[in-house]
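In the order they appear, the protein sequences are chains L and H. The numbering used here puts the first sequence at residues 90 to 355. The numbering used here puts the second sequence at residues 21 to 277.
No wet-lab data here; the hints were simulated from the structure. The beta carbon of each residue, even a glycine, is placed where N, CA and C say it ideally should be. Some hints could be false.
[To be verified] Okay, derived cross-link-like pairs now, DSSO-like style, lysine-lysine, Cα gap no bigger than 27 Å in a straight line:
(1) L/316 with H/162
(2) H/233 with H/214
(3) L/299 with L/351
(4) L/316 with H/241
(5) H/162 with L/111
(6) L/148 with L/351
(7) H/233 with L/195
(8) L/197 with H/241
(9) H/241 with H/214
[To be verified] Listed next, with one range per pair, are the computed distances between beta-carbon atoms:
(10) L/110 with H/60: 48 to 56 Å
(11) H/62 with L/138: 52 to 60 Å
(12) L/127 with H/235: 51 to 59 Å
(13) L/100 with H/212: 43 to 51 Å
(14) H/135 with L/175: 48 to 56 Å
(15) L/100 with H/266: 55 to 63 Å
(16) H/36 with L/133: 43 to 51 Å
(17) H/36 with L/100: 48 to 56 Å
(18) L/175 with H/268: 25 to 33 Å
(19) L/175 with H/60: 49 to 57 Å
(20) L/114 with H/153: 27 to 35 Å
(21) H/159 with L/106: 29 to 37 Å
(22) L/286 with H/235: 50 to 58 Å
Chain by chain, the residues run as shown.
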Amino acid sequence: MSPDETFALIICLVVGAITWIKWYWEASTVAHLSSNVVDRSSLFLTPLLAALVLLGVLKSFAAHDVRDDGQYIMLYMLMGSAWVGLTRSALGFLGLSARDDVIERKNKAAGYAVSGALLGITLCFAGGNIGDGPGWWVVVFTAALATGTFYLLWILLHLFTSLADTVTIERDPAAGVRLAGFFVAIGLILGRAAAGDWVSAEATAEDFVKTGWPVLFVLGAAIPFEKMTLPRTDRPSSETFIYGAMPAALYIVISAVVLFFKGPWA
Amino acid sequence: MNGSHLFNIWAPSDSIWSRWAKPVLFAEMETVMPPSTSIDWPRIDIEQDQGTAIVIDLPGDLSVRTGIALAQDGYRPVPLFNSASGMRKHGLALTLVDVSFTQKMLMAGAERLLETHLPPNAPPAFLLDSNRAGAISPTPGKFDNRSVVFPQDFPSANFLLSHGIRRVLLFQRGGMHRPASDLAHVLLRWQDAKIELFSYDRDRSVSMAEPLKVIPPSNFKMLWQRAIAMIGLRRSSAGGFGSVIPEPSSGGRSGYG
């Protein structure tokens, strides 16, 4: 590894350690009377699942010099942990908090949503690792494009549907599952849009828009569905399988169809 | 008895409102001491109405005493105190919000609460500490346990309406027509859902409750309202808020995430 790669590795190691030690410390020790280990299980397991997803992408689709070299795999795994650890903090500013909603309020719906968000952000980062490029900063650039768009779409979805309130105030588990599905679905498309061989920043941004615009199909499906399922007095929460798991699966199927038609990256 | 047992008395599993009860003050109690002096529990002449919920925003100890009084009338007191005490580690002199009397009242009121045999569907009386914002300026070395409440701390309007609650009575002192700004975020959502709001000055007769019209507070319904409201507050490992303000030379934690 070059000196700048070694430097990046050390920074990512420190940032990843700080953010995830804080995460697991809070999940293990904070407010033990508010919720139990089972209520918090998603907070323990999802980061591990996200790490497996990233490892799978790196070993299967990253540039050849990365996937065949343990040091580079370690660099990008650590970068991924730092990336997700840092950027997931924005969730707290945008209405969803692992600590406030899952740990301190025992809110199942928020548990699903936060897990979906972690996986979605991981997919955004993982996509940035696909294809050949001149260095690690290319991954950061494309992951920033994808993750920024990820949060923009969440803000738009909330503006149209008040979904953050449905999850955190109504505590509707079905809404939490739907939101998790939405996050994973847009993560898949944005990750795919971030994939590809590096030419230039302009070309990458252009390619990102060209490949990623179908994410609007997922948003377009989610907005009317959320409006239809808004909690009402006669239905403060909905049946989780029909109104939660099925729409979430639909969002992911939309993404899978988009990925199928987009085909392999160039 | 320890804090966990005491919390189970205040938030029994068969009450639908218990999921909103806050265990912050209970989590810090290692052993629960019975009160050394007898407590004068007040009486409030209020007729129980299954369609009315009550929010008590009074100084913590008075809030608990009022909650116990309302339990005699059939209301389920739900403690929503979000400030950690810090007493075990830091002592009263260094604490920005004194919750020691609130804790004592919670201990003393438990037995009385058990005697009421409230049914699971008893309407709720949410207990808040009106001193939660603190009156002392936060300076290094002090235990900063100032706190706020959020709409996430209360049942939604849909949940209340679906359980037959159509009226909310706010108990407070002074400023009859103006709830605390953090509570306004909660009450306005209920008002928008056509739940009737009334304000009642604790020192006057319940029959003098007046209709309450809440005006929109800043950042109302904004995605980042909760994060903005938490700026400058310190979290507690027991849940809720409370930790020592570090001296300028040492590190410290605050913020959100």
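Would the pair residue 233 of chain H and residue 195 of chain L pass a check requiring their Cα atoms to be no farther apart than 27 Å?
-> violated, 32 Å
Within 27 Å, alpha carbon to alpha carbon, are residue 316 of chain L and residue 162 of chain H?
-> Roughly 47 Å separates the two Cα atoms, so the pair is violated.
Does residue 351 of chain L lie within 27 Å of residue 148 of chain L when you go C-alpha to C-alpha?
-> Cα-Cα ~22 Å, so holds.
Does residue 316 of chain L pair with residue 241 of chain H here, judged by a C-alpha cut-off of 27 Å?
-> Holds, at roughly 17 Å.
Determine whether the Cβ-Cβ distance between residue 36 of chain H and residue 133 of chain L falls within the hinted range of 43 to 51 Å.
-> violated, 29 Å
Distance restraint evaluation - residue 175 of chain L, residue 268 of chain H, Cβ atoms, bounds 25 to 33 Å | The hinted range 25 to 33 Å holds for residue 175 of chain L and residue 268 of chain H, with Cβ atoms some 27 Å apart.
Can the suggested window of 51 to 59 Å be confirmed for the beta-carbon pair residue 127 of chain L and residue 235 of chain H?
-> This hint is violated: roughly 42 Å between Cβ atoms.
Starting from residue 233 of chain H, check that the Cα of residue 214 of chain H is at most 27 Å away, please.
-> holds, 11 Å
Using the Cβ atoms, figure out if residue 159 of chain H sits within 29 to 37 Å of residue 106 of chain L.
-> For residue 159 of chain H and residue 106 of chain L the Cβ distance comes to about 32 Å; the hint holds.
Does the Cβ distance between residue 100 of chain L and residue 266 of chain H fall inside 55 to 63 Å?
-> violated, 25 Å
Starting from residue 162 of chain H, check that the Cα of residue 111 of chain L is at most 27 Å away, please.
-> Judged against 27 Å, a Cα distance of about 24 Å means the pair holds.
Cβ separation of residue 114 of chain L and residue 153 of chain H, checked against the hinted range 27 to 35 Å | 28 Å Cβ-Cβ, so the 27 to 35 Å window holds.
When the structure is compared with the earlier hints, violations turn up for hints 1, 7, 12, 15 and 16 and for no others.
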